[in-house]
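> Next come the chains, spelled out residue by residue.
There are 2 protein chains.
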Amino acid sequence: MSVENYKNFGASNDQYVSQFGNKGSLPLPPGKKLTIVTCMDARLDPAAHLGIHEGDAHVIRNAGGVAKEALRSIIISQQLLGTREIALFHHTDCGMLTFTTPQLQEKLKTAYPHAANEAESIDFLPFPNLEQSVKDDVAYLKNHPLVLKETTITGWVYEVETGKVKQVV
Amino acid sequence: MSVENYKNFGASNDQYVSQFGNKGSLPLPPGKKLTIVTCMDARLDPAAHLGIHEGDAHVIRNAGGVAKEALRSIIISQQLLGTREIALFHHTDCGMLTFTTPQLQEKLKTAYPHAANEAESIDFLPFPNLEQSVKDDVAYLKNHPLVLKETTITGWVYEVETGKVKQVV
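Chains as they are written, first to last, in UniProt numbering: chain A, 1 to 169; chain B, 1 to 169.
Read the hints as simulated data drawn from the structure, not as lab findings.
It should be emphasised that the depicted structure is a prediction, and the values quoted were computed from it without experimental measurement.
No copy is singled out in the list; a pair is fine if it fits within one copy or between any two copies.
Below 25 Å or equal to it, Euclidean Cα-Cα: the simulated DSS-like pairs (lysine-lysine) are:
| no. | residue 1 | residue 2 |
| --- | --- | --- |
| 1 | K32 | K107 |
| 2 | K107 | K149 |
| 3 | K7 | K32 |
| 4 | K68 | K107 |
| 5 | K68 | K166 |
| 6 | K32 | K68 |
| 7 | K166 | K23 |
| 8 | K135 | K164 |
| 9 | K142 | K7 |
| 10 | K142 | K166 |
| 11 | K7 | K164 |
| 12 | K142 | K109 |
| 13 | K135 | K68 |
Kindly produce the complete structure, drawing on both the sequences and the hints.
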């Protein structure tokens with residue numbers, strides 16, 4: 001049976017719209033000059049666990065909260081929309097700690113032999129160590145020639161077991 | 001003066017943790033088998049405007065809500081964590097409607113002549129037409145050989161002026 005959550009979006013959205021207030025006049029550039037990078041994980045609600053509201057911050061999310069894939073968005077955020085701070089979060093019990101790129105490539109090549117080249121071309125960017133991955137990603141951003149030197153960059157772990165954030169770097 | 005929002009994360013997070021309840025026992029796979037793809041824009045709070053709660057859905061966000069860059073995360077979401085629906089959102093007044101890749105590359109090359117090659121290597125993936133960009137991204141996902149054929153895929157526009165979502169495809 002097909003999954004069709006989209007049929008419920010309208011009713012949920014009506015409720016949000018009824019309490020929208022004056023948010024329609026918020027400007028495009030983030031008010032707090034802040035960019036959050038974090039994982040797509042379903043258990044994370046970064047707005048809620050950081051006290052971020054509409055208009056405050058760019059939020060970039062991908063599998064892992066990987067800095068390398070966030071680079072395009074970060075450059076746009078800084079160069080066109082004026083942000084000057086990056087806070088990067090990885091989290092406990094992350095799926096990215098559970099596999100390697102060759103393992104996932106093999107799985108895909110078995111399922112889709114006609115797309116083997118496509119599967120082999122993708123680096124899935126998993127990481128074997130949580131705290132080290134935060135340190136590595138912060139170092140990547142601090143050293144990148146296209147990330148503004150004056151950027152405040154911090155790295156954090158979010159604990160899915162408790163909801164707590166812990167600064168790593 | 002440096003931007004240091006991170007100094008306020010602790011206090012905001014304490015409040016979230018105090019109301020965390022039993023969310024610590026939520027499983028890793030998204031309960032609704034749903035993946036949301038949307039823009040990093042600061043005015044968007046997809047959890048709020050779609051009625052999504054912790055544990056429900058993967059949320060992938062990048063500059064524009066671009067499907068191509070979300071592909072790595074979508075494959076991980078489907079192959080390792082069982083999602084079977086993708087809802088892709090772009091939005092009105094998006095920064096991605098305001099520039100071209102050569103324009104941003106030129107800006108970067110002028111500011112960082114030592115990183116000219118790096119700047120030229122990045123496709124910033126802007127789009128000139130909002131509704132067409134949603135249709136194109138949905139078509140990209142529907143036709144991609146590594147996206148599961150049984151996936152329900154819908155495309156939407158979010159109106160930053162009103163908070164409303166409108167299905168495009």
